[in-house]
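4 protein chains.
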Amino acid sequence: MSLNTFGHLFRVTTWGESHGPALGATVDGCPPGVAVDEAMLQTWLDKRKPGQNKYTTQRREPDQVKILSGVFEGQTTGTSVQLMIENTDQRSKDYGDIMDKFRPGHADITYWQKYGIRDYRGGGRSSARETAARVAAGGLARAVLHTLAPQIEIKGYMTRMGAHEIDRSRFDWDQIDQNPFWTPDAEAANTWADYLDGLRKSGSSVGAIIEVVARSVPAGLGAPIYGKLDTDLAAAMMSINAVKGVEIGEGMSAAMLTGEANADEIFMGNDGKPVYSSNHAGGILGGISTGQDVVVRFAVKPTSSILQTRKTITKTGEAAEIITKGRHDPCVGIRAVPVGEAMMACVLLDHILLHRGQVGGAVGETRGHIG
Amino acid sequence: MSLNTFGHLFRVTTWGESHGPALGATVDGCPPGVAVDEAMLQTWLDKRKPGQNKYTTQRREPDQVKILSGVFEGQTTGTSVQLMIENTDQRSKDYGDIMDKFRPGHADITYWQKYGIRDYRGGGRSSARETAARVAAGGLARAVLHTLAPQIEIKGYMTRMGAHEIDRSRFDWDQIDQNPFWTPDAEAANTWADYLDGLRKSGSSVGAIIEVVARSVPAGLGAPIYGKLDTDLAAAMMSINAVKGVEIGEGMSAAMLTGEANADEIFMGNDGKPVYSSNHAGGILGGISTGQDVVVRFAVKPTSSILQTRKTITKTGEAAEIITKGRHDPCVGIRAVPVGEAMMACVLLDHILLHRGQVGGAVGETRGHIG
Amino acid sequence: MSLNTFGHLFRVTTWGESHGPALGATVDGCPPGVAVDEAMLQTWLDKRKPGQNKYTTQRREPDQVKILSGVFEGQTTGTSVQLMIENTDQRSKDYGDIMDKFRPGHADITYWQKYGIRDYRGGGRSSARETAARVAAGGLARAVLHTLAPQIEIKGYMTRMGAHEIDRSRFDWDQIDQNPFWTPDAEAANTWADYLDGLRKSGSSVGAIIEVVARSVPAGLGAPIYGKLDTDLAAAMMSINAVKGVEIGEGMSAAMLTGEANADEIFMGNDGKPVYSSNHAGGILGGISTGQDVVVRFAVKPTSSILQTRKTITKTGEAAEIITKGRHDPCVGIRAVPVGEAMMACVLLDHILLHRGQVGGAVGETRGHIG
Amino acid sequence: MSLNTFGHLFRVTTWGESHGPALGATVDGCPPGVAVDEAMLQTWLDKRKPGQNKYTTQRREPDQVKILSGVFEGQTTGTSVQLMIENTDQRSKDYGDIMDKFRPGHADITYWQKYGIRDYRGGGRSSARETAARVAAGGLARAVLHTLAPQIEIKGYMTRMGAHEIDRSRFDWDQIDQNPFWTPDAEAANTWADYLDGLRKSGSSVGAIIEVVARSVPAGLGAPIYGKLDTDLAAAMMSINAVKGVEIGEGMSAAMLTGEANADEIFMGNDGKPVYSSNHAGGILGGISTGQDVVVRFAVKPTSSILQTRKTITKTGEAAEIITKGRHDPCVGIRAVPVGEAMMACVLLDHILLHRGQVGGAVGETRGHIG
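Residue numbers (this note's numbering), protein chains in the order written: chain A, 2 to 372; chain B, 2 to 372; chain C, 2 to 372; chain D, 2 to 372.
Check before you lean on any hint, since a few could be wrong.
Identical chains share a label here; the pair holds if one copy fits it or two copies do between them.
[Unchecked claim] DMTMM-like cross-link-like pairs, simulated, lysine to aspartate or glutamate; straight-line CA separation at most 20 Å:
id, residue 1, residue 2
1, K67, E188
2, K312, E322
3, K156, D195
4, K316, E74
5, K67, E87
6, K316, E366
7, K202, D168
8, K50, D178
9, K274, E322
10, K316, E266
These are computed hints drawn from the structure, not numbers from a lab.
Could you build the full structure based on these sequences and the hints that come with them?
Pasting the structure below:
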């Protein structure tokens, strides 16, 4: 059914609300015998943690993750893993103003319509805080990948903030961790700093594009139709709050290409494996990985909680104006970077498990040989 | 596990290969008591059928659908429905040339690597022929929707073919069925006719963008996280052959907007329901439908089977050149229109069933009232 | 995948080990707007709680359940519900003796073989303590049933302890809650008290049979094949620790009947609904409820942790003898009664949601009318 | 959702009605590269085929299975496999008498109540004919097992027919295929022949108990809670038409044992693997296989379609009497033997795939070593 669950074999169910006592992820199907501890997961949560600089919400949450089950003496046991993060900074009084008004562009109105429950405390379940649980689960997926397929490297970064895109000619993989925007273009980071400062001061917000790349993914991951690697990546990314578009490789621009321009030509590499002249496919053909970089991109819309006045209605149907005070991200896309990475880690691990279940063999072992 | 299955409650499993004896869809969870017959499904299959004009593959398939189970005396019984389409025009000799070479941009190589099986007969399971089964299932979903939610209208159309986009100011809903490209812009249809004719004659192919809109969808469909309406639409569309990007509403462009530009302001309509000043959200907030038009867009890459020479390798790793003779679509996006509509129908029906299962009440009935 | 999950729409994933920090249940798909609080769940946990009399393990656990998510201001929100029970009495030193030996009849050896992890602290995940999480989830299911289908009454009771069966002629529904064995036969309760005392003193243990009955279940719940009501009940009960057999209605004895003896004859009742001359079917025909009492029975094997010496081996393959000291239930079947009730509640609720999802209408509303 | 689907990774969805044009099984998740052809599947279908002797229904169906997809050049491709069996002997006129009356003990009434559809043609979906599709799927599972785990041997047999049980002291494995009742006790076969002849002539029917054993199953198959091997076997067997009870190993009798009697003592075998003094556990501890024989037993109720007069009602609620003419099995348990075997094959294969997916390694390889 999977209202709150994703994954086939490595199944993650997230739970918890923005201002409840805690939130977390229940992970079923985690392989046994993998070294993991809370510190390993914390690394990734710290990357997503709010309040680290002036560009993210000033809500202060330590986002300390606890492992409540499934790990014994430093190793996964093969049984369900419970990851819990307690909420500590629950200043729900900040939200009093919006108890009866719906924020335009926010899930306030649809949750109310569907469930008849208004969790005005920061949006409850629809809050981006839910993504902390995904990052914890992604940390666990990374620990398993580190054991099963240590060669795989996953990296997310911003390629656009509002009006400003990066210049791919300045792309520097090592720059990504050097700036608060996780961008590979150092110059863009400077531009964005000023740009976002201006937006923040004016009480506005802005959207962003995040790209997540996985390197050294073995060929052969994925399966037909609804087990396609790209199907699952699309679902994984679109399920993140505020995401409105997902692209694989060439993405929407594939519509503009001719067949001869789009087809990545194939050659034999020096290591006896196929190599490709280009990667329009984003590392996936027919839903199955090619061995090239897996490239997924998604657009995050601007935060709808802004200090600018917008027209809306109340629960009783009265016309109203709304300004959302409180502590919000001017560009929520920044903190979506580790979330996108976490989803990539979960999806890749899930397909590695699926592959060895259905096809067999060690990780990366496939049945068809070339050469 | 769902390698070949999609849906939560209305579950569709497709089966069959391009050149096997038959293909089809097994539908589990179809509600009982719905009037349906083969002619109703055939309407939609005819829309997707190849060989109808010079812009689509000249393979001739009647694509006649048979209902083998789940329907008795003209009504669904509530048990599993089997929809079968026999393959009749299986000229597999056309494919002899590609038995040992991998078509660049095609799933030939990844299927071989993963499964160690080369179904050279038209790509086997990875062929776009699989989508015929989806259209049959979508026809069944439409029949159910017609009974449960007759107000819902689903329409797909092309908004871009290669270099040429439609002009939204000429958008004409009634034009869509009047041209071979299912486009709402009559002038674009003329331009595209010449453009595609040129591409076809040169043995090339081109990509496209398809938009699918559902009107009069009740508010409240969807659920958190992995049961989000947009999550499921993204997965549904990305699972179609050759799709490389999916957008909801504003899509990738949402990244360029500020919060105040993106937030669709809310007012009370004359009928006592909320109305919105705009629809950047594409009819979905927090994964739940707002009652506005649900708008999804996807990009289809150009057919990789082309008459232009491309470099590739053989199964034994030899360098080679390849030209794909045979009967192919110069713009496979055309026939993706009814497929996108079918997926929209399946996803909406699935969420209608899910909603009444989890929340209860009649179709479109929600728990929270406004006003 | 569902390693640790059960249910179609009301999906319960349990997590946690016998001696970890906590255990619990993540419930996805719970309907919104249902009144529930911790005290309502606690009622059922108290029924299962150890250490209440001399017939159950002397481990002292308050088994206090906390609701961490999915409930706001006393009502379910429709989002995932997290139920957590902290472990407090983790005297794991008691288990030191069995760190390297496998208890015969216990999952020690298979968990070790499969996962290569030995959680010697009370059996870890394979401990019957896992059932506390099910009882919590069952309490939530009961709260939802109380709202959706308040007429349904669920009751479990023991019908056999080892050599001693109840006498059905003394069956007294009101007696069930009056004795420590939850048996409807007061005389049996007396016999069992002496019998079990003897077994306990001799360091032995004994099996039991539990029957769970649901009254006033509407006709029409269930679905073909793997959505059969009896399929799900069989799976639910067999998934409880130590259960080795499950029966519906007549159960294994159905093999001894002729067709005319087994067929429950049908008449029209005074209320215009069908009534039956007998209930060999246990309230289920073709996997679908008839409106009669739903009757399921299961056998619980004797606790394998006993004070009598048994032959076994160590992890290194040495022959050994084992006596399991510590605090164990001489008849674990007693505490299986509330667990069986919890599973019945979960399965019935799940099928009520499934029915209204697939068939529609209010709870208990079916499509076919008689008369 | 799984109304008509079973399995985690090897997922079988059955479809079709007793008197529709065809029925079959859609198998998703079948491993690639396995040799299979229609003749291999036919072997098992022939075992279940009606009309082979006077003890089974005289309906004549060739039950010829066709493979419509997922197999290419004699090998599974890794994509969905469609197995179809056309119905040829659809003498639905025989059923005219029961169009408006409900057969006591049959799903007629519950299907009508739930779905509002009366498929009077032999019970439609609720007919035991559905099990032909399972046997086809089981044949495919056996082909895969033959490749992945050729040592596993699966055998079903009858241990009780009505009043008459086999004598275990005469148990002869080789006798099973030598008599029409698939019983290991040659003397019982003689007794049963007379007994059943009498029942058949008097228009009666009788129940039966079937035992299915799997030998040489590797240790380590199964997983906690809802992925337990016994949970899945219980669900698989209970989902077969007319089954009312399922037992693993000692089964319901486990309730009568003391802990010391029930605990199978463990020793080291000559081959360095654990051996057990007995097999009360039926080869499963904590839901995971021990390496001993996996033993499951189920009771089949007597056919409800009998020539003896029974009281019932009509769709309009009138009191009526009913005699079911037509061609029915006096002991449907006979033909349930190959069905039970098929379910065992499907469940074991599914768990082999699950195990290598979650835990890794080749078939039968586990992580924990003894000795």
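Verification of the hints:
no., hint, verdict
1, K67 / E188, "neither (38 Å within a copy, 50 Å between copies)"
2, K312 / E322, "within (5 Å within a copy, 61 Å between copies)"
3, K156 / D195, "neither (25 Å within a copy, 44 Å between copies)"
4, K316 / E74, "between (52 Å within a copy, 18 Å between copies)"
5, K67 / E87, "both (9 Å within a copy, 13 Å between copies)"
6, K316 / E366, "between (57 Å within a copy, 17 Å between copies)"
7, K202 / D168, "neither (26 Å within a copy, 37 Å between copies)"
8, K50 / D178, "within (15 Å within a copy, 51 Å between copies)"
9, K274 / E322, "between (61 Å within a copy, 18 Å between copies)"
10, K316 / E266, "between (58 Å within a copy, 15 Å between copies)"
Consistency with the previously given hints fails for numbers 1, 3 and 7, ordered from lowest to highest.
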